[in-house]
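Asker: Chain B: place on chain A using the hints.
Sequence lines, in order, name chains A and B. When the count follows the working numbering, it moves up by one through the first sequence with no breaks and lands on 117 for the last residue. When the count follows the working numbering, it moves up by one through the second sequence with no breaks and lands on 256 for the last residue.
You can take every hint at face value.
Taking lysine to aspartate or glutamate pairs in the DMTMM-like style, the calculated list, with each CA pair at most 20 Å apart, reads:
#1 Lys32/B - Glu249/B
#2 Lys113/A - Asp51/A
#3 Lys24/A - Glu237/B
#4 Lys25/A - Glu237/B
#5 Lys25/A - Glu183/B
Calculated directly from the structure, the hints in this document are not laboratory data.
Chain by chain, the residues run as shown.
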Amino acid sequence: MDKSPNRRNVVDPAVAEILSDMEKKQRIASLPNSKKVKARRDASRHKVGLDLPPELHEALRSIADRERISVSGLVTFYLYRGVVDHQAGKVELSPFKRLSRCARFEYVLDLTKLEKP
Amino acid sequence: MTILTIANQKGGVGKTTTAVTLAHGLAMTGQKTLLVDLDPQGHVAFALGVDKAPGLYRLIAEEEPISNVIVNVRENLDIVPGDKKTEKAKRTVVVSHFPTEIIGRLFKNTGYDAIIFDMAPSLDVLHVSALMASDWVLVPTKLDAMAIDGVNEVLRSMGEVAERGHHLGYSILPTFFDRTTRETVVQLKALVQTFNGHVWPPIPQDTKAREAPAFGMSLWEYCPRSPAVIGYDGGYENGYTSIMRRVMEVVCGQIA
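Only chain B is shown next, with the shape it has when bound in the complex:
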């Protein structure tokens, strides 16, 4: 089993879209996948066309078995939905005996090939606990200075996790990529100079990607031929299809 966390302290960088797209992509390749919503906004359920629910709260605060809270949304794809009660679940985590280990304990031996955590745009105990449970962190970022600062914050948290003896692999995913603006080039270059091979090919800015959640559909269902999925037609790899290949390498253990 491989656990991937999608995290960036900055909001609006495409975390949930990335989490939903990759989770459904993995499920479509036959990997039994669980997507866990750790964000009180509860948008994972919304994006996949089901109701928000206090799944994570029931799992953590009410200690219900995981089988009670998972919702099957597609073939091979289950979710643990979230809603505003996730905020209350955090308080339970804070007062528990081993707050940083709670997520790892809840999701080990669940029988999934891959688990994806969709994190809230914050740095709290749930965040650290999820990082402690993860094998790989994917940090989506817009190509602007503030979002890239969010990348640094996530990496700092990963440093804290490493101090506790848990070393994580990570990749950075540029999102909302607009190849026509000078700032995009400047920021992508800066990102590559700093993080080298950790930077994955970007996801083009795409209106279709903004529309898909309104229909409760993943990008593979709503717009499989859109730039966000297949990338710009520039003769180079980009878009979620190319990211799926890299995620498969992580999940199948070829990178990790």
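This is chain A alone, in the form it adopts within the complex:
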């Protein structure tokens, strides 16, 4: 059994987020002008982590290499397209949905039915 106890984060998550945002802005404000622009640009980047199947990641990397663009740019492009199509009713998720066994989501998507690259 792991004997090192984990410190619980008891601060209201919204308050923690506000504090971290304000501290980030103060850190940037204290930088010399030459570094402020880059720091602001970096801070405004919205990074997310997603679970991707390895073969999909590989296919994205290969397309990005061929087109000489970044994987991030390519994924963002595809996602915009996908979201617009979904909002236009062109994407049907129901055939891929199956009931989830975890409490957080009602369904999971069964991607085995998707056509693979």
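Answerer: Coordinates of chain B only, in the frame set by chain A:
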């Protein structure tokens, strides 16, 4: 029934604005709510567009039934108004047999889902009596050293109340939040380090919140899209809308 007290010994920290906003917010969600003005300034009535009146004085000193002194100000929202005579009511409380129990006795079994006490910026017998009757205390504070000292004073009073066997839940609400000043960050950080999860998301400084009482309107009526209500657009929760969610948890018993 849940009784919430809005208290800070320091004046001008947003107690009445918070009390009026939360009381009207609860009323709008269908909770039958009573807002009691324990401050001789009588600003609860003023902020909701009705006249100040010696409601609390009549209730305590003249022993009138509560139904005689409540004023219905909005759907589901009644108030017990106050005015300078509230000061005299305090004297009645002081000479009564059980001064610390008087508020609890007056407001129990009134049939409300929630009662909110808007306290005066002082520590007197009415204050202790209201704390004794309460389930939860919300302490609004500006993010400056003097206002935060007021928080400590309220918590000391709560400690005295706890010694009498009544344990209260509490939260601290940073108000007049100005995200551009260094002092705000320093004080918010200090507050969070000391009180951890008791600190709720802040209410942004907002001119509209100062204007609303002049029109006798709550913030939900006067400026529902203002920063004080919906918060800064920073992608994080703040403003009275986020506070309402937390208050609902208190009132519905999920926290208490």
